[in-house]
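So the protein sequences, as listed, match chains A and B.
224 is the number that the UniProt record's numbering gives to position 224 of the first sequence; each next residue is one higher, with no gaps.
334 is the number that the UniProt record's numbering gives to position 334 of the second sequence; each next residue is one higher, with no gaps.
Calculated from the structure, these hints are not laboratory results.
Ideal placement from N, C-alpha and C gives every residue a C-beta, glycine not left out.
Keep in mind that a hint or two might mislead.
From the structure, some residues in chain B lie toward chain A, with a derived Cβ separation under 10 Å [what the hints assert, rightly or not]:
{"no.": "1", "residue": "I36"}
{"no.": "2", "residue": "G125"}
{"no.": "3", "residue": "Y209"}
Some chain B residues judged to face chain A by a derived CB distance under 8 Å, without partners named [to be verified]:
{"no.": "4", "residue": "P18"}
{"no.": "5", "residue": "T26"}
{"no.": "6", "residue": "V30"}
{"no.": "7", "residue": "T49"}
{"no.": "8", "residue": "D59"}
{"no.": "9", "residue": "L60"}
{"no.": "10", "residue": "Y62"}
{"no.": "11", "residue": "F100"}
{"no.": "12", "residue": "E103"}
{"no.": "13", "residue": "I105"}
{"no.": "14", "residue": "L132"}
{"no.": "15", "residue": "T140"}
Number of protein chains: 2
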Amino acid sequence: MEISQLGEFGLIDRLTEPFNTRVPSTVLGVGDDTAILSQDSKRETLVTTDLLLEGIHFDLMYCPLKHLGFKAVSVNVSDILAMNGRPEQIVVSIGVSKRFAVEDIEALYLGIHEACEVYGVDLVGGDTCSSLTGLTISITAIGSAEAGKAVRRSGAKVNDLICLSGNVGAAYMGLQLCEREKLAYDGTADFRPRFEGREYILQRQLRPYARLDVIEALRKAGIVPTSMIDVSDGVASELLHISKASGVGCRIFDKKIPIDYETSAMAEELNINVITAALNGGEDYELLFTVPLGMKDLVEKIEDVRLIGYITEESDGCHLVANDGNLIPLLAQGHHFKKDEA
Amino acid sequence: MEISQLGEFGLIDRLTEPFNTRVPSTVLGVGDDTAILSQDSKRETLVTTDLLLEGIHFDLMYCPLKHLGFKAVSVNVSDILAMNGRPEQIVVSIGVSKRFAVEDIEALYLGIHEACEVYGVDLVGGDTCSSLTGLTISITAIGSAEAGKAVRRSGAKVNDLICLSGNVGAAYMGLQLCEREKLAYDGTADFRPRFEGREYILQRQLRPYARLDVIEALRKAGIVPTSMIDVSDGVASELLHISKASGVGCRIFDKKIPIDYETSAMAEELNINVITAALNGGEDYELLFTVPLGMKDLVEKIEDVRLIGYITEESDGCHLVANDGNLIPLLAQGHHFKKDEA
């Protein structure tokens, strides 16, 4: 059977199905943003890992190695934050082909170092080896949460409000911009990519920031989300994860989806439906979470967080409410293993 | 600068040099078999990661995917054991090209599952994505030890005895055998590789077992090594790590190096110096450790553990004592990033 017949999530389900957990320190295994481990009664350890492969997750034609290092850490830190956890350590493995000089790998680690500073995490280990082709980066992040306080995908309740940090679709449109300029590149020394006025979406694609600021703001406001996930595969896909794990449905409103001006302008220029980009684009690394209805006033005061919808009964399904009032079913799209690229 | 000018260890030193640790839960960062993290006063968390790349660490011409899955877990578990820790969880990331069917990846996970059963660890997370070329496997293992009881590389003392589990050089000779048969393969359906009587070295290469049994035997006997490391890059390289980290020298005896009959026979057949294979071959995943002189009687009773030498003053250097009494300096050879393949 070809992997493309199953897709990313189908393959993961199939592969992990025979595995049961039995180690006493395993609190939660496969299926959320991170695993939860416990050594004592006060703190829990969170673990998450991501693999970044050249040609799949990044293109060194337009992705500077320093930014890539920063991004690789952000992607993992984002998963720890999505459990309402505190990121603490990372381990980094890289596979490097002969085409890279020591200076290239130093640039990558400069970005990793910057991210460690920004997120306050320690690099505590890793593995470095040669590869036959291209660059491979594998990072595992470790964090912690108070025992029982990690926020899972499974806690959303009917009538909860759906909240989203920042804006979405920007990273995807940044990627489209990079791809356009890559095609336009004519090999000449004086080629100047048309990036003016598009700095924000470029930064969102090349050097995303995991929303440590939002987690800190929620903590200060005393808000503990009922469920949370980070937006790596697109809002639609993540909402379906929360709904499935929580046994609920959801409605989000077209006109409430936060979209930056640059994202809209780029989408228009490239003739891409901006709502599709915003809901299915991926790599936003924003936080999507639910809070009880009674927290509406409190959560509305959090900077850079918007209410985009609410949780319904499971039988109501998961829908986008279009501007004309029509209900459009939300569809999943695994970003890292799309059926057409598997 | 080309990476080959630095070698694996030189590159790691250079890349990790700018990183300091400051997170309170970080007890030990880069530089040992695992990192040590602490959330409370009773237990410490151990973390280690390894990256396995097709064409570098394995060749699917002769490495069955099921065995590869088992090996990938063993390699990581071995690092946890080398800290005298208890392996508890793993996270597994894979990158898979179109050439692989679902059944191939299931075979890989069958081996991972078997290893989880053998070592008593839980699979708790991971990442699955497509790759452009070949198979990439990244595993991070998590374990635990009593607070302050993890055995580091740095604790060897002058006059300590140097102990080695099992035998060495077998995995390397198994690899040479596989490579010979790969060259001999003529593409015909009735090709039969000449593996008879070489099952042991084949197994050591293709499906290594991390020495959980030795750690359990040491625990039962009440022996806590003063220093320990697992043999992944060869006994010589690992002894140099222990010596450097502990600020000591060492002497090991040519005639005491445990070598299996199949290893010797294969080395003779292929005209390879068996002591070189035993000391620099790599991938043995045996445990190399030191104990105080006073534990000689106790450690000699542990099954499948041999005394191969002793720790000296740092100024005495690190030497192999040849059968004729000559002292031969031990040389490091990074197995995964040899200068000629970097």
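Quick rundown of the hints versus the structure:
no., hint, in the structure
1, I36, "holds, 8 Å"
2, G125, "holds, 4 Å"
3, Y209, "violated, 19 Å"
4, P18, "holds, 6 Å"
5, T26, "holds, 5 Å"
6, V30, "holds, 6 Å"
7, T49, "holds, 5 Å"
8, D59, "violated, 11 Å"
9, L60, "violated, 13 Å"
10, Y62, "violated, 17 Å"
11, F100, "holds, 7 Å"
12, E103, "holds, 7 Å"
13, I105, "holds, 6 Å"
14, L132, "holds, 4 Å"
15, T140, "holds, 4 Å"
Consistency note: the structure conflicts with the earlier hints numbered 3, 8, 9 and 10.
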